[in-house]
Structures are given as structure tokens and as C-alpha cells.
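Each chain is listed here by its residues.
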Amino acid sequence: MKEQIAKMKENSLKEIEKCIDEKQLNEVKVKYLGKKGELTVILRGMETLQPEERPIIGKLVNQVRDELETLLQKKENEFKRKELEKKLETENIDVTEPSKKIKLGTLHPITQIINEVEEIFLGMGYQIADGPEVEKAIYNFDKLNTPPDHPARDLQDTFYITENILLRSQTSPVQARVMETQKPPIKIICPGTVYRSDSVDATHSPVFHQIEGLVVDKNVAMTDLKGTLEMFAKKCLGENTKIRFRPHHFPFTEPSAEADVSCFVCGGKGCKVCKGEGWIELLGCGMVHPNVLKFCGISPEEYSGFAFGFGVERIAMAKFGIDDMRLLYENDARFLKQF
Amino acid sequence: MKASVEWLSEYSDIDVDAITLSNILTMTGSKVETVNQLGNDIKNVVVGKILEVKKHPDADKLVVTKVDVGTEKMQIVTGAPNIHVGDIVPIAKDGSDLPGGVKIKKSMFRGIESCGMMCSLGELNLDIANYPDQIENGIMILGEKHEKDIGKDIVEVLNLKEDIIDFEITSNRPDCLSIEGLGRETAVSLNKPFKNPRKNIDELKIEDKKDIEGLKVDITAPDLCYRYVARVVKNVKIGPSPEWMVRRLKACGVRSINNIVDITNYVMLEMGQPMHAFDINSIAGKHITVRRAKKGEKIVTLDEQERILDEENLVIADDEKAVAIAGVMGGLNSEIEENTQTVVFESAVFNGGSVRKTAKKVGLRTEASSRFEKGLSAENALRAANRAVELVMLLGAGEAVDGKIDVYPTKQEMKKIKLDVERINSLLGTNLTKKDMIDILEKLDIKVENDVVISPYFRMDLEFVADIAEEVCRFYGYDKLDFTLMKADTTLGIRNKEQKIQKKVRETLVNRGLSEIYTYGFVSEKDLDMSNISSEIKKYAITIQNPLSDEYKLMRPTTVPSMMQTLAINSNKKNQQVKFFDLSRSYRNMEKEVENGEVPLQEDILTIGMYGEDVDFYSLKGILENVLESINIRYYDIEKETKNTSYHPGRCANIKIGIDTIATLGEVHPEVLMNYNIKERAYLAEVNVTKLVKYSRTNKAYSEVPKFPAVERDIAVIVDEKVEVGQIEKIITKKSKKLLESIELFDIYRNEKLGQNKKSVAYSIIFRDKNKTLSDDDINTTMNVIVSELENKLGAELRK
Chain A
348 MKEQIAKMKE NSLKEIEKCI DEKQLNEVKV KYLGKKGELT VILRGMETLQ
398 PEERPIIGKL VNQVRDELET LLQKKENEFK RKELEKKLET ENIDVTEPSK
448 KIKLGTLHPI TQIINEVEEI FLGMGYQIAD GPEVEKAIYN FDKLNTPPDH
498 PARDLQDTFY ITENILLRSQ TSPVQARVME TQKPPIKIIC PGTVYRSDSV
548 DATHSPVFHQ IEGLVVDKNV AMTDLKGTLE MFAKKCLGEN TKIRFRPHHF
598 PFTEPSAEAD VSCFVCGGKG CKVCKGEGWI ELLGCGMVHP NVLKFCGISP
648 EEYSGFAFGF GVERIAMAKF GIDDMRLLYE NDARFLKQF
Chain B
7 MKASVEWLSE YSDIDVDAIT LSNILTMTGS KVETVNQLGN DIKNVVVGKI
57 LEVKKHPDAD KLVVTKVDVG TEKMQIVTGA PNIHVGDIVP IAKDGSDLPG
107 GVKIKKSMFR GIESCGMMCS LGELNLDIAN YPDQIENGIM ILGEKHEKDI
157 GKDIVEVLNL KEDIIDFEIT SNRPDCLSIE GLGRETAVSL NKPFKNPRKN
207 IDELKIEDKK DIEGLKVDIT APDLCYRYVA RVVKNVKIGP SPEWMVRRLK
257 ACGVRSINNI VDITNYVMLE MGQPMHAFDI NSIAGKHITV RRAKKGEKIV
307 TLDEQERILD EENLVIADDE KAVAIAGVMG GLNSEIEENT QTVVFESAVF
357 NGGSVRKTAK KVGLRTEASS RFEKGLSAEN ALRAANRAVE LVMLLGAGEA
407 VDGKIDVYPT KQEMKKIKLD VERINSLLGT NLTKKDMIDI LEKLDIKVEN
457 DVVISPYFRM DLEFVADIAE EVCRFYGYDK LDFTLMKADT TLGIRNKEQK
507 IQKKVRETLV NRGLSEIYTY GFVSEKDLDM SNISSEIKKY AITIQNPLSD
557 EYKLMRPTTV PSMMQTLAIN SNKKNQQVKF FDLSRSYRNM EKEVENGEVP
607 LQEDILTIGM YGEDVDFYSL KGILENVLES INIRYYDIEK ETKNTSYHPG
657 RCANIKIGID TIATLGEVHP EVLMNYNIKE RAYLAEVNVT KLVKYSRTNK
707 AYSEVPKFPA VERDIAVIVD EKVEVGQIEK IITKKSKKLL ESIELFDIYR
757 NEKLGQNKKS VAYSIIFRDK NKTLSDDDIN TTMNVIVSEL ENKLGAELRK
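So the protein lines, in turn, are chains A and B. For the first sequence, our numbering assigns the number 348 to the initial residue and increments by one for each residue that follows. For the second sequence, our numbering assigns the number 7 to the initial residue and increments by one for each residue that follows.
Just so you know, these hints were derived from the structure itself, not from any lab. Yeah, the Cβ is synthetic: ideal placement off N, Cα and C, and Gly gets one too.
As a list, the in silico DSSO-like pairs of lysine-lysine whose alpha-carbon atoms are at most 30 Å apart:
(1) B:109 with B:79
(2) A:616 with B:49
(3) A:622 with A:684
(4) B:506 with A:666
(5) A:448 with B:627
(6) B:685 with A:448
(7) A:530 with B:700
(8) B:510 with A:684
(9) A:450 with B:510
(10) B:744 with B:728
(11) B:759 with B:736
(12) B:158 with B:79
(13) B:486 with A:589
(14) B:158 with B:61
(15) B:424 with A:565
(16) A:666 with B:486
(17) B:8 with A:616
(18) A:582 with A:530
(19) B:363 with B:304
(20) B:422 with A:565
(21) A:447 with B:627
(22) A:530 with B:493
(23) B:37 with A:619
(24) A:684 with B:580
(25) A:530 with B:503
(26) A:666 with B:37
(27) B:503 with B:627
(28) A:448 with B:510
(29) A:684 with A:448
(30) B:579 with A:448
(31) A:447 with B:579
Distance ranges between label pairs, derived from CB positions:
(32) A:420 with B:784: 49 to 59 Å
(33) B:644 with A:617: 54 to 64 Å
(34) A:686 with B:43: 34 to 44 Å
(35) A:624 with B:79: 45 to 55 Å
(36) B:759 with A:374: 54 to 64 Å
(37) B:107 with A:686: 34 to 44 Å
(38) B:791 with A:449: 34 to 44 Å
(39) B:19 with A:566: 36 to 46 Å
(40) A:677 with B:532: 11 to 21 Å
Chain A on its own, in the form it takes in the complex:
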């Protein structure tokens, strides 16, 4: 009996090894392990054995069956894997063929700069404010310490609708409106469209964009203005950017300054963008003029503040290497898609 089993095992193992596909494997499985399979038959004939032989033979048969099943399973897995491999081979694709993506649009470079600046100041706890573009002269000038006879009214060459209504020449009227309606602490930036009577050329446009900032609180110092703008410059233009303050004059700030940043193209060595100077004039700023606070209903004795403002187009042009401002408003699809 034992020999018979051993022989059968040997044969079956050989047959399994010889199988070349799942179908043959299945036939072998049926031949030995099926209902009428050789091993099954042996198992069924157990009762004809001597009682003392039964457990020995039984154990042996089970062992062989386990062994066969394991081998069959292994072989089957092998065939399945081969089959899958074959299938996968036929499903090969050229991954470099064009995709089915939706062509994304682009945000205008001006929006991109505004977004970037907004994120930086939001992170520093500023709110974003806006106001009318067709604005009252009183907000554009008077409340900003620029009375009717002030030469600055001439300098800016403002578009007028009536004597009292104009196109804002700066986003500062938003600051005046916020100061009138909110109590300090005030921390805002005001991005927006502004208008000045400049003819269109490569560096001028009668319509352009500004971002101004305003902080009013107790004990705000000029050093805070410097620190804030340094932080802004580093985040917006690169961590190695340096900032430099030069005295200047604006009617709405005192002391006033112009801030230059080290050229973010050449790093300060001197190049075409910075005209060899290593510095780029970035913005105007200063401590809010006591008259401005007063005119907007805030006590200049109790509070102080700083303000700053810059042109978005200039930064966009420098940052993206755009050499003609007209491109920003011509809206040629071939230009816009580059951003």
C-alpha cells in the first residue's frame, strides 16, 4: 500500500511539473484529487485495511494530498501570473501620447502679484480693504492732508468728473474711509485700480494698480515700518533681499521715505533691470501724518501709524521680465498664456 502511494505521489508530481497550462493542471487535479481521483479512491478504500494500518496510511495519504494541493496551487499561481503578464504585455501603451487634460487658463500677472502680496500680509494679520474708484475728492485729497491748493494735486494730474468727484489717483482714499469707520488697531492693505492722467507708453498707463498698507495703533514706530517692509520684501522678492530707506516727502506721511530693495535680478551687483545701481525703487512710505489721523477722527496724540504704497505693474514687470507695460492691458492670448 505504502509503495502504491509513494509511486502515485511520484507520478503525480511529475505530471504536475509537466503541465503547461491551467487546463492540464486541472486535469491532473481531477485525476488524483477529484471525486474519482486516485488519491480519493485510496482514501475511500481505507476501510479494507487493518485497523492498525489505517492511521498510518491515513496520515500518509493526507500528507500526500497536502503536498499535491500545495504544488497544484503554486503551479496554478504561476500560470495565472504568466497569463496576466501576457495580457499586460498586450496592453502596453505609449505614455508619451497626448493627455486628455483640460487646458487650464491663467490668472493675469497683476492678479498673481496682488495674490502673493495679499497672502503675505494676511499672514501678518492684515485685512484687505477696497473702496470706490470713482471717488470723492475729499477722500482722495483733503482727508489725506492735501488741501485744494496743494501742489500735489497738480503733480498727480487727476481725472476729474466734477469738482468734487474724481477717479482716485491712489488707493489711499480707502485708508481714509477705513480710519473713519474703524477703531484702532487698524491693519489693512488696499489693492486696487487707480487712475492718473499719463499717456500710454512702455512705462506709463492712465490706469494702473496699487497696493497700499496702513497700520494705526498705539506706539507704532518707524522701525516697525522698516521691519514690516523688510519682511514683506524678503517673502515677496526672496530671502536675500535687502531694503533701504531714503528720506522723501508725501503729504500724508511724516516722516516719509522711499524704500529701495536690492535688485532681485542681479542681487545688487548691478544689471539692466536696476540700471546698474544694484537697487530698485520699490515703494513710498512713512508715518501717518498727524493731520491725516485728525481728519479721519483718530487722535494723533494717542495713536500713531505707518502707511506704504507701491505700483503692482512695476513689480509684475520686474518680476516677470516684461519690458512694456502695454502688454499687460493688450490681453493678447499668446502673452497671457505664459503666466
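Place chain B on chain A using the hints.
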């Protein structure tokens, strides 16, 4: 304001070069625009004497000369006709530089070596006006007095070196529109003592007189003329000014005219006080009145233009006529002539705003007016008049007449400001002592007495502690201020609802393949017409008083023309598949807000413009629905619009929430396309973002994921072509009540068999009851109600 370093050095020792000086002054607030270093471009050009002139053997027009240049005698070949033996001339030696990057080297002329070149005025970049005895087309002949200079550098001999700095002076510092003011800034910036070369003028006492040589002065408008000083010189000899004066004027960009006129310009540049000189005999009645002009009063100014004035303008007048527009320009009728004997120097101070207005009105911005309009010191006026007389005597151009006429009705107020050390430190973020501050202020000639700052007459800009803080900071050094961040209460940096929505809308559109554009808010009437804008909307347009051009005359009441223009530009450039959006504003004067001094309606408008193969009405509609979805607006109606004249009457719709129209979309009207020369269909939408903000819900509520199964039923109905599928959907929605989960149109079918002007519309409807499993009966009942309603209301026929 241009200034030569040479002139500035009269006020301060300057021991740095012009570039360094410019950098230092820029950092203390006198911003330098450019530095022009004249004479630096001439190198190795010396004075030489011609020893011999011989004909060139091989060229008729050339001569061969021998020249003594001090260190050697050299041979030079030249074609110049005006040279003779013994002439002293500028010689550019071998290896020399001339202006304009010209380099001179040894060379051969028809076989004869020439070791250098004799120079003309032009080659040295000199102006014939300054060397009137020279000729333009020939070698510069230096004259015998330069015999001693042979071999010396021409730049030194002719004193050609000049460093000219051009400053950008801010409007608060009219005192720096003078060499004196800039000289003071220079001295303090270099930490040198301010040398006051006008000390004698400051200490001069001149007797007041009612009239001088018969001249009298009255001011009838003391609000516009604060002070009028007149001084007189007689036996005047009009002639050229000395070289030093011409040179300084030239450095400041002023052309020399004659000694008297030059003196007025010189004093203005030196002291910042505009002067006017006129012939006493041209003043009728020898009586000057400073008065408001009469309406329509005419005057011909020095530039020979007639100007018409009104009561807003101030004139200097005699008993008959205006002789000058105060602060702007003198009249031709009182001009200094060759034979003028007695000259009146007028040094007056006018109200800045008035001068500004007048200059603007007559369209004449002069050196004088641009100074006056910034507000000048009345105290300076007398100094200037005295200085002018001093210069007349210095130049020997005439004799001073004793006394002055000084009408000074509006005294300049000297402002006093408390020196609040703590406040200044807290404003600057510094820790300076009182002594530090006083030291800086005193260097600037600003006196401090008992902790009170007294602004000097020339510093009318100092009014507040903040102004004092700036002075202190300028010379403490802006660059020495620390970089700090505020220590203050936390503030919230967060976008408000409107800003969040705008951001979201932009994102959605970019993801849908649209690119953002930026347009001007200006339009012309023609633009509005080209876009077929209705007169109802056109009347809201706001007119700009002083537009750049007719093209930019109106503030747009609608954004449509701006988008159409952009589409036209792109179509013209053959850009295909264009999809744009613009998030900007429209401006509407709804109810005469502008006339009433109020701000007009300005709404945020999203404008979409598209053309190209892959766009049609429905893709545009899809984009808009995505936009609404992205900002959580779910309930709205889309209704056909046939009356909007910018759009195709059969292909236009409004999106409404309740009765409020929030958007219009559609195909551009073919006429409009034609107007813009766009040769394919284009699509346009206007969305009122200001309204969207109102309707956008920010809160989203979770509703339970359904537990009971849904039932799907398809239905197809045949309706007249004119029935809108929206009508069908409304009925299905209404009649399904709460059971409706979704409804989807999956087919529209047209076929002759259906009948003329008929269409079959097929829907897949999904029903679900959230409380139970729906039975067939439930659904059938609902379906029957729906079908009969469709039959009754729309004449629909169930397609079987």
C-alpha cells in the same frame, strides 16, 4: 534743480567726489537724479603752438605742420584752413580721448605721418555761445595769452571740468530749489560748517521809502500778495554777463541773456526767490499796483503770447495796464531793452495756490511759477532784492539808488513747535537724547530755545513734531533705524466673504480653461455704439472732464465694449480658441449721484468672452453654472432674453434668483461681431458679482446619506419645438414633490415622423423617499400626475 558742485562749494567744503556727494545727499533726502561730469571725457589734449606750416606733397587740401606741445615738437597733418604759424591751438596727442568716445591715434595721411590732431570747438564739445570769438568750422585759436600754457592740459587751461548734479526736490522743500538751500543740506550732510556767503546781505539795513525815483507800489490783494519789495538801479549799462556768472547759469540749465536779466535768474537760482526786472519808464504813472485781474483782461507775455485773465488771477499793473502776470511771467510791454537806463527789481511773494491756478489757466509753467506755487518765504524777498542790487554793482552794470520800497501786508509767521523728545523717539523707534536732537537741528539753522523749536524763515514746511522727527531722522540716518515688528494685540488676517468669492470665481474659471484679462474702465461713445449698448444703459455713463482722448472719455456703464475690444484684438491677431474673463467694475450714475457730489454705483462685474471651435452657448452656460456651484448658489432660473441688443435675440438668457437678474449670457449679436470685424460666432456673459455675494451661502449642511433605495424611471415626451425643456423640468420637479432626487435630460430627438416643429425630449428621473422603499404604485401615481400635467400645460404627448 541742477547745481554745480563748484557753486555748492561756496557754502560748504566738499572733500568728496561728485558721485559720493550725490549718494550722501540722496540718503539725507535730496534725491539725485543724475550726475553729469563734464570735461572727464577729454584726456591727453594739450595746448600747442604752431611752428611751421607746409603744403602736403601729395594732397592739395592738406598741410603738414610742426607743433610745439611743450615736451616735444610733433608733426601734424591737418586740412583746417584757419591756422597760421604762431597760432596757439588745442592738440589731441597720440592716444587721447575726445567727447563722444572718440580716440585719436598716430596715423598716415597720404604717406605723411600725423602724430595727433588739432581740435575745433565741436570736437571738444564746446558751445560757440560761450566762445563768441571762435569760428564753428575751424580749429579753436586760443590766443596769445595762452603762450604760457603750452604743454598744459586743455581741460585745466579752459577750466572745462564741471560736475553738475540734478536733484529731484520734493514739494515741501522749495528752499532747496536754490543753491543756498542745497548748500546748507550739503554742509550738514558732509558734517561741515555752513559757510554763509550772504552774511553781509543778512545784516544789511536799507531805509524804507514811500517812493523811489517816483515809483510807488500798492497791494490791493494782500491775500494773494504777501510782500512786494522794489529796489532801483540807475545808469544801467546793459551788456553781457561775466564768464563766471554765465558758467554758473549754464550749469543750472539757464541761458545767458544780458547782465540785468541774468542777475534776476542768478538770484532766483542762488536764493530761491524769483525776481522780475523792468524798465521804470515802461510803468505808466510810475505806479505799481498788485491787483486781481479784470475779467477778460489781456496781456502779452515775454514769450509774445497773448493771455486772457480773470479775477482769480493776480497781475502787477501800472496805472493803465497789466505789466506782468504775478509769479508767472512778465509782460512784453515792460521788458528790459538795450537802452534801458533805470531798472526796477521786483522781489515779491505770492500765494502759492493762486499762482498754481493762474499758471494752469494760462498754460504757462515757468521756473518762477513752479517755485511760487510751493509757497515761498516772504522774509527771503528782501534779501533777494538786496542781493540783486549788490550784483549790479559787482558787475559794474549800474548804480544803486538808496532805499527800498517794501510793502509787506501779510507777515510770515514763524512757527514754534515743542521739542517733545519722547514723542520723537517713540515715533522713530529710536533712543536719542535731547542733545542729539538739538545738535542736528542747530546744524540746519533751526533754533531751539527752552525746548521749543523755532522754524527758520526758509523752512515753512516745519509745523508738527512729526516734521521735527523727520529732520532728526534724516541726519541721524534712515539706514540706522532698526528693523522691528510691532508688539501689539493680535489681529485677524482673513479675507471677507466678497474677497473669498472673488478668489473662488477666479479659480473656477481658470480651471475651466479661461484666462484672465485686465481692461481699462474707459470707453468712448463709439465703443458703446459698436457693442449695441441700449440708450437706457448708455445714459448711466460718467463723463470725464479732462480725458486723455475721446477714446477714453467715459467711465463704462457696462463692461461689454471692453471685452468685445479684447476679443477683436485677438481675432485680428489670428489667435484661435480664445476664452477670457475679466473681473472688474462697471460705473453707473444712476440717479445723478455724481452731480450731487456722491459716489456713483460701482459694481463688480465678471465678464466672460469666448470664441473658437469648442465653445457654444451651452459650454458658456456650463461655465456659469460651475461658477455658481463653486460659490454655493444652487437655486436659480435661466430664462430666455430676447431684448438685450448686444446679444443674438434667439440665443441669450438671463440667470435670475427670484426676480433679481444676476447674469446675462449668450451669443454676441451678429451686428456687434461685424462692428468689431470678428468673423466667427463669439459668446459673452456678464455676471454681477456684487449680487452673487449677496446670494452665496457660506454654510453647508450635511444631509443624511440615503438608507432606502432609489427608483429610476425614464420618460420621453413629444412637444412643440417652441416649448423650452426648462418648462418640462419645472413641471416634473413641481409634481414629483419631495420624491424627486434628480432629473437628467438624456436625449432630444427631432424627426419628420414626430411631426412638423416637434421634438422628443427624454428624461431619466430618479425618485427616492428618505423614509421608506418606494413601491411601483407610489411611482406610477406620481408619473401619471406628471404626464397629465405635461399634457395639459404644454400639450405634450407621451412617447411610447
